[in-house]
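Participant: Below, each chain spelled out in residue letters.
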Amino acid sequence: MAELNINERQAGDVTVLDMSGKITIGEGSVALRTAIRRLLEEGKKRILLNLAGVGYIDSSGIGELVSSYTAIGKDGGQLKLLNLTQKLQDLLTITKLLTVFDVYESEAEALNSFK
Amino acid sequence: MPDVTVETTELSLPSRIDTVAAAAAAVADFVGRSGIGDDAAFGIDMAVREAVTNAVLHGNRQDEDKTVDIILKSLPDAVEISVHDQGPGFNPEEVPDPTAQENILKASGRGIFFMRSFMDEVDWSIRPGGGTTVRMLKRR
Numbered sequence: 000m001a002e003l004n005i006n007e008r009q010a011g012d013v014t015v016l017d018m019s020g021k022i023t024i025g026e027g028s029v030a031l032r033t034a035i036r037r038l039l040e041e042g043k044k045r046i047l048l049n050l051a052g053v054g055y056i057d058s059s060g061i062g063e064l065v066s067s068y069t070a071i072g073k074d075g076g077q078l079k080l081l082n083l084t085q086k087l088q089d090l091l092t093i094t095k096l097l098t099v100f101d102v103y104e105s106e107a108e109a110l111n112s113f114k
Numbered sequence: 000m001p002d003v004t005v006e007t008t009e010l011s012l013p014s015r016i017d018t019v020a021a022a023a024a025a026v027a028d029f030v031g032r033s034g035i036g037d038d039a040a041f042g043i044d045m046a047v048r049e050a051v052t053n054a055v056l057h058g059n060r061q062d063e064d065k066t067v068d069i070i071l072k073s074l075p076d077a078v079e080i081s082v083h084d085q086g087p088g089f090n091p092e093e094v095p096d097p098t099a100q101e102n103i104l105k106a107s108g109r110g111i112f113f114m115r116s117f118m119d120e121v122d123w124s125i126r127p128g129g130g131t132t133v134r135m136l137k138r139r
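Residue numbers (numbering that gives the first Met the number 0), protein chains in the order written: chain A, 0 to 114; chain B, 0 to 139.
None of these hints come from the bench; they were simulated from the model. It cannot be assumed that every hint is accurate.
What the hints assert, rightly or not - Below 30 Å or equal to it, Euclidean Cα-Cα: the simulated DSS-like pairs (lysine-lysine) are:
| hint | chain 1 | residue 1 | chain 2 | residue 2 |
| --- | --- | --- | --- | --- |
| 1 | A | K95 | B | K137 |
| 2 | B | K72 | A | K73 |
| 3 | A | K44 | B | K72 |
| 4 | A | K44 | A | K95 |
| 5 | A | K73 | A | K95 |
| 6 | B | K65 | A | K86 |
| 7 | A | K114 | A | K73 |
| 8 | A | K95 | A | K114 |
| 9 | B | K65 | B | K137 |
| 10 | B | K72 | B | K105 |
| 11 | A | K86 | B | K105 |
| 12 | B | K72 | A | K43 |
| 13 | B | K105 | A | K114 |
| 14 | B | K137 | A | K86 |
| 15 | A | K44 | A | K73 |
| 16 | A | K44 | A | K114 |
| 17 | A | K95 | B | K105 |
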């Protein structure tokens, strides 16, 4: 089984990536980077990462989230986060990134926020 | 009073990215036997992954002729983990604070911050035979 599984679906003009597994150095971080690059190449710039199934992330994975956020922003798009686990929320809090990312607990609210 | 070591495990692993997961698995096994609680075990896992990542990437620069050597000690009041690489070393005080406003959106530079956040003691030393050792302690 892959370290990180990413399932893509479309909700209006927002692309939702349902992710499960680990975003860690190596395979997991690369999988996230590859998925984001592909979406940007396809012109999909409104992206919601559903992280409910991501039980583990390291500094490399946090770095990849930041890189994704800045790359999408530079391209005129938006990246938002949905369903953080408590551990991921704690990591974003201590790194002061919780104030940078737009974070939601409800998918409907998250999708509405793109409008 | 000298520490009484209950159990010691030593690992020597190649300088590859997949060593990070291998080291984390071995440490999880060791920590499980040491009777450490879940929250502390999570922190140890985070810190070990970051320390081994640094040893592989920055210390040994993924040179597979160089190993990452790990010593795990279960002490009566703590677990001590040492990660040794064969790199030239660095000054941890010169590593920028990743939570400073100008660094928050940087893609890297959070590993040492996580190690310090999750462990009770973290220090670095240059070994006489060469290489850098990071020693991390988590109290029970």
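Participant: All hints, please: hold or fail.
Facilitator: Hints versus structure:
| no. | hint | in the structure |
| --- | --- | --- |
| 1 | A:K95 <-> B:K137 | 24 Å, holds |
| 2 | B:K72 <-> A:K73 | 47 Å, violated |
| 3 | A:K44 <-> B:K72 | 49 Å, violated |
| 4 | A:K44 <-> A:K95 | 24 Å, holds |
| 5 | A:K73 <-> A:K95 | 21 Å, holds |
| 6 | B:K65 <-> A:K86 | 34 Å, violated |
| 7 | A:K114 <-> A:K73 | 19 Å, holds |
| 8 | A:K95 <-> A:K114 | 26 Å, holds |
| 9 | B:K65 <-> B:K137 | 27 Å, holds |
| 10 | B:K72 <-> B:K105 | 34 Å, violated |
| 11 | A:K86 <-> B:K105 | 21 Å, holds |
| 12 | B:K72 <-> A:K43 | 50 Å, violated |
| 13 | B:K105 <-> A:K114 | 28 Å, holds |
| 14 | B:K137 <-> A:K86 | 19 Å, holds |
| 15 | A:K44 <-> A:K73 | 10 Å, holds |
| 16 | A:K44 <-> A:K114 | 13 Å, holds |
| 17 | A:K95 <-> B:K105 | 12 Å, holds |
Hints 2, 3, 6, 10 and 12 from the earlier list are contradicted by this structure; the remaining hints agree with it.
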